[in-house]
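Mind docking chain A on chain F? Use the hints.
Chains as they are written, first to last, in our numbering: chain F, -3 to 151; chain A, -3 to 151.
Read the hints as simulated data drawn from the structure, not as lab findings.
Errors might be hidden in some of the hints.
Identical chains blur together in the list; that is why a pair holds if it fits in one copy or across any two.
Calculated pairs, DSSO-like style, for lysine-lysine (alpha carbon to alpha carbon, straight line, at most 30 Å) [said to hold, decoys possible]:
| # | residue 1 | residue 2 |
| --- | --- | --- |
| 1 | K148 | K27 |
| 2 | K137 | K123 |
| 3 | K92 | K148 |
| 4 | K137 | K92 |
| 5 | K148 | K137 |
| 6 | K4 | K145 |
| 7 | K137 | K4 |
| 8 | K4 | K27 |
| 9 | K4 | K92 |
| 10 | K148 | K124 |
| 11 | K27 | K137 |
| 12 | K124 | K27 |
| 13 | K123 | K4 |
| 14 | K4 | K148 |
| 15 | K27 | K92 |
| 16 | K27 | K123 |
| 17 | K4 | K124 |
Number of protein chains: 2
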Amino acid sequence: MQNPFMAKAIELSIENVRSGNGGPFAAVIVKEGQVIAQGTNRVVSRNDPTAHAEIVAIREACRVLGHFQLTGCEIYTTCEPCPMCMAAIYWARPAKVYFASTGEDAARYGFDDAYIREQLQLPPAQKKIPMAQIMRDQALKAFPLWEQKTDKIEY
Amino acid sequence: MQNPFMAKAIELSIENVRSGNGGPFAAVIVKEGQVIAQGTNRVVSRNDPTAHAEIVAIREACRVLGHFQLTGCEIYTTCEPCPMCMAAIYWARPAKVYFASTGEDAARYGFDDAYIREQLQLPPAQKKIPMAQIMRDQALKAFPLWEQKTDKIEY
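Same shape as in the complex, but just chain F (with noise of 0.2 Å):
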């Protein structure tokens, strides 16, 4: 299946690495047919551990619909996204994601993610990035203020 989204988000990958703008992915996110974002990936370009192509691309579709949701919209993202960029589609929620090679494609090449993802799933004193619980009670107090604020807006 040949799908004209996906096919210009692989060509912006092979361009990224071309420039030296950052790794090998990219990602377009459209919505009622239209191309409305894309990104590349960032990270030593812009100095920027975040700018993952999907992360890149998420930000910018959300700037362009002035919203912090990305209802309707489909991500086209050359490879299975990280466990960062995984997590910020589910905070963006789109309703579909495409993706071409897989997590352990990216691997072969030096782009451990399944490393981040056991981590995720530890407790923080056996995480391998050292952990402290400290001063809870006091960092408590915000979470009442917030619920009682009444012309908040949830997210």
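Coordinates of chain A only, in the frame set by chain F:
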């Protein structure tokens, strides 16, 4: 234990609710005893579903450092990071993370990270947001290009 960096983050989280900028979350990033960046949840005020406190602070800290890694930095976040932010932390590679309230505390106020964490473990076909694989063979072409690129910066 009273920690001045976490106390600052908690103060920011409370201000963030009062000002209507977003959810009750904030983060502060410290290097060599100095605050180099801070972030609060800006999802609704910036129309950006990825603008969680930790992501905002990580992007700012990397901008300040001029690098895509947070080597030697500590992140102080008012709440245990959601899966998106936790994975972003793994990509940013700080030395240590301090958190105050837990994901369970946040869930009691409607921030349900556990649902996303569960979804991340499911194969694409079983995920709640539909995920379909197409055009893998064409997408794979970007990887050898990346591998052969002699001047690439790995991340």
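Unmet hints by their number, sorted upward, for this structure: none
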